[in-house]
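Participant: Heads up: the sequence lines are chains A and B, in that order.
Per my numbering: the first sequence = residues 1 to 539.
Per my numbering: the second sequence = residues 1 to 406.
To be clear, the hints were calculated from the coordinates, so they are not data collected in a lab.
Positions of the beta carbon are idealized from the N, C-alpha and C atoms, including for glycine.
Watch out, some of these pointers could steer you wrong.
[Said to hold, decoys possible] One side of the interface only, derived from the structure: several residues of chain B facing chain A at Cβ under 8 Å:
| id | residue |
| --- | --- |
| 1 | I137 |
| 2 | K138 |
| 3 | Y196 |
| 4 | P198 |
| 5 | S204 |
| 6 | R205 |
| 7 | V250 |
| 8 | L258 |
| 9 | Y314 |
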Amino acid sequence: MNITELTLTIPRQPFERMFAWISRHALVLVLIFLAIISVVSYVHFYQNGLGLAYNDARSHLDIGRRVVEGLKPGLAQLGSVWLPLPHILMIPMIWNDFMWHSGLAGALQSMTSFVATGAVIYMFLRMLGVGLLGRVFGVVVFFLNLNVLYLQSIAMTELLLFFTMTAGVYELTKWHKTDNILALIRAAFWVMLSTLIRYDGWFLLAYCAGLIVFHIWKKRGYRAAEGYFILFCTLGSFGIFLWLLWNQLIFKDALYFAFGPFSAHAQQAQLETAGVLMTKKNLLLSLKIYLYAMVFNSTAYVTILAVVGAVVLWFDKRINPAVRLSTSALCAPFLFNILALYLGHSVLFVQGISGNTWFNVRYGATMIPSLAIFMGYLIDRVKIGRLSLIALYAFVIFFSVANNDAVTIDDARVGSSQKNVSEVSGYLKTHAANEEGFILISAASHDAIIFSSELPMKRFIHEGTGSYWESATTSPDRWARWIVMRTHDDNDLTYKAIRVTNQLSKYTMVAKFPFADVYELKSEYLSTLNTEPTLPKQK
Amino acid sequence: MLPFYLLGNLFGIPQLAAYGATTLVALVNLLLVVLIARRLGAGIIPSFISGFIFLFGTNALTYALTLTQHHWSMLVILLAILTLFKQPGLLRNLFLGLLYGAGLLIDIPNAFILLPLMVYAAGQHLAGIDEGRTVKIKLKLVLIFLLLGFIPLLGAFGWYNKQVTGSATRLAQFIGRSDYPPKPKTTTEKKPPDPYAPTLPFYSRNQLNGLYILLISNERGWLYYSPIVFIGMAGLFLAVKRKETEKIAVVILTMAGLTITMYSSFGDPWGGWSFGPRYLLPATALLSTGIGLAIERWKRSILFGLAFLTIAGYSIYVAAFGAFTTTQVPPKQEAEHLVTFIPYTYAYNQQLIDQNKTGSLVYNLWLNGRVPLTTVVMMYQGIGIVLVSIAYTLACRKRIFKKNDI
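Bound-form chain A, shown alone (with noise of 0.2 Å):
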């Protein structure tokens, strides 16, 4: 016996079971774990009240009960301003009060698609031949990644797009290595899902039929090119045909989503007009702002390493060419973002580069899973020096995690994209919840009054009530008890259709906040009030 060493015999055949077994059940074990980190994460962020300070999530809510609560329900209330599909998926829970006003009607599909998302990096690394090392990795820096774990907590439009992005690469990659029609209808499915939900999706479609055009040209011509194309896009832009449709029936404008008065479009003018759209024909600045947040989201470590990956897989000989270049959709996001930029259709702050806020900074979460697969391939390939790297990752991600380094959380707490109206709301909360009579109000401008007053929303009269708004704003005082606007601006609908009235002696200003004002019937007008409902049912 050697008193200098511990020994220890262990049988291989029950790790060899056990190693086995955790292989084939990989998947489902993610599937499992995330689950649960997906549900830990939403309770914690709802009970620190994180979970609805996006201004955009109350937004959201809003329309998915508008569909089914309000003076005018229906599914023209999906308006124009955002793509449908996440207000559509909200639709079968937003009707309860608890699943509206705590955020989970619109958290869930973020949940559920952040679990599905995990999966996809997954079966993506593996299709990739990466081991099981690689493939955990690479869902390991998906997950623990304060940004996602925060954006998939709330009822924010990221993570579903995330989600279907990310299959429809996957799909697409898929179709590159086997020639799997099926594989290419799929792709062609959940590229059409992604173009319901972000415009993000519309320039991987245009980046996805280019790949596929190339690869079949180069492989079998002209004509199959011309076929596959058709059928990839028949289904792939299947979604945005319906929403020019959509457009064309509700506001007689199939391009009114793009040049309407609630469009990014008139909101980016108007930014352009202030002087703060300065990524607008600067490449270089755009380029600039997209990779900051990109890195702010991820990390310059992960950032850094993926981009090696990156080129690690696309010159690895190993895969076969048709399917590295496939793979170069991952980095859609990242061309899309730059591009709009560039165009000023978007807009994005960057605390220190564009003034001192920041603002819709999580765009730059877009590319997490695509950097998530590069880093999971890297891994796989680096065999010296592995656990170095794996080291290095747990060090920044210590650091990341225990400092609560989120830029979307500081977006939500302290930037542009949150807004604290609880002083207005509070108002209306104390004062109106008790008594008869509308609120009239401009959903496009106080959407997140409107939410966070936590009242029906049957009790507002706002833009997309047809003609309880048309009277309102016509006779204010025969409708409206409350008023909420921003008095003396135009970009408030409320004030510029009531000012020109004159009915605005009738009412006395009872609040005065920063984001609104809140006027008051005067109670000598109060017996010729509308206090219920009484107009006929409107299409």
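Given chain A, work out where chain B should sit, using these hints.
Facilitator: Here is chain B on its own, set in the frame of chain A:
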């Protein structure tokens, strides 16, 4: 430092002796770089070039002439690397443990920088033997001496903390700063603390800027001050490819990578007013060990020779400016707000040389008024470059000095 000060005090030169201690340690570090380069497989002359360039071709020279912790940290780190080449055993482990503790006492980040080395050293005691149907796992108990070497100094560290902060586990760096004399109390309400403000020193959001400052910028970047370290890095990657040196080279690169990662996340990557990337000095020392290997591998390439001599020459040229003048170069954002602007690069040191301002004892005692400082600096730089060129030429010609083929 204290023994040197006391010894110097006996002879009436306490400051010189105290500062001289750092210089002495710097020379020891030069030798340690030579020895490690040899162990990694470089020949004698390329190894000496490694050591020479480490000290005279980087900002290690500037910090060899002043009173900071950097060379003492490098001493511990390089000694630990050299010790790692020994077979695991009682004395080796005890010594490594002691070095780890000493590193912690010298500068807290050393505890992080040395961690990969300690993990690797610990891992050397674990072996798995495949015996067909069973696997035998052996753990050498001599591993415990890594801890035993470390514990006494950890105790000393705790005692020190207790004296300074009142708690053995509380570091002085975390008790905040106070003004003396105290600032008058203001009546304005204090803002409530931000629950999302970073509480630990390494903030990943700083990394991008930190990497730029430390690696590329003209304020502090390696590329600007001592690009020769990149050749050392390439040399270490060559060592990774050799089976005999693969593991230790990975450990060295990991330690260098950790140093860069750590300080790029630090709020002040500039290191205040300093010359070159002073926080990267441990990484500079580690990467310099690879310079000899790079020379061994590519010495037959004329292109490499030209590039090497140009880069080495430039590095020696720049290092001299800091050594002859000052470490006190401001960061850009501070320089730009000074009433009288001063450059935030080594151009400031050049300015001082042009004005005949130097802290060099030798110059001020014997040469001032006889030879202009610019001439002395140029002569020094010339000698350094000529020495490296001669050594490089010899390394190319004398194959007998080579220890191993790469």
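Participant: Which numbered hints are broken by the structure, listed smallest first?
Facilitator: As far as the earlier hints go, only 9 is violated by this structure.
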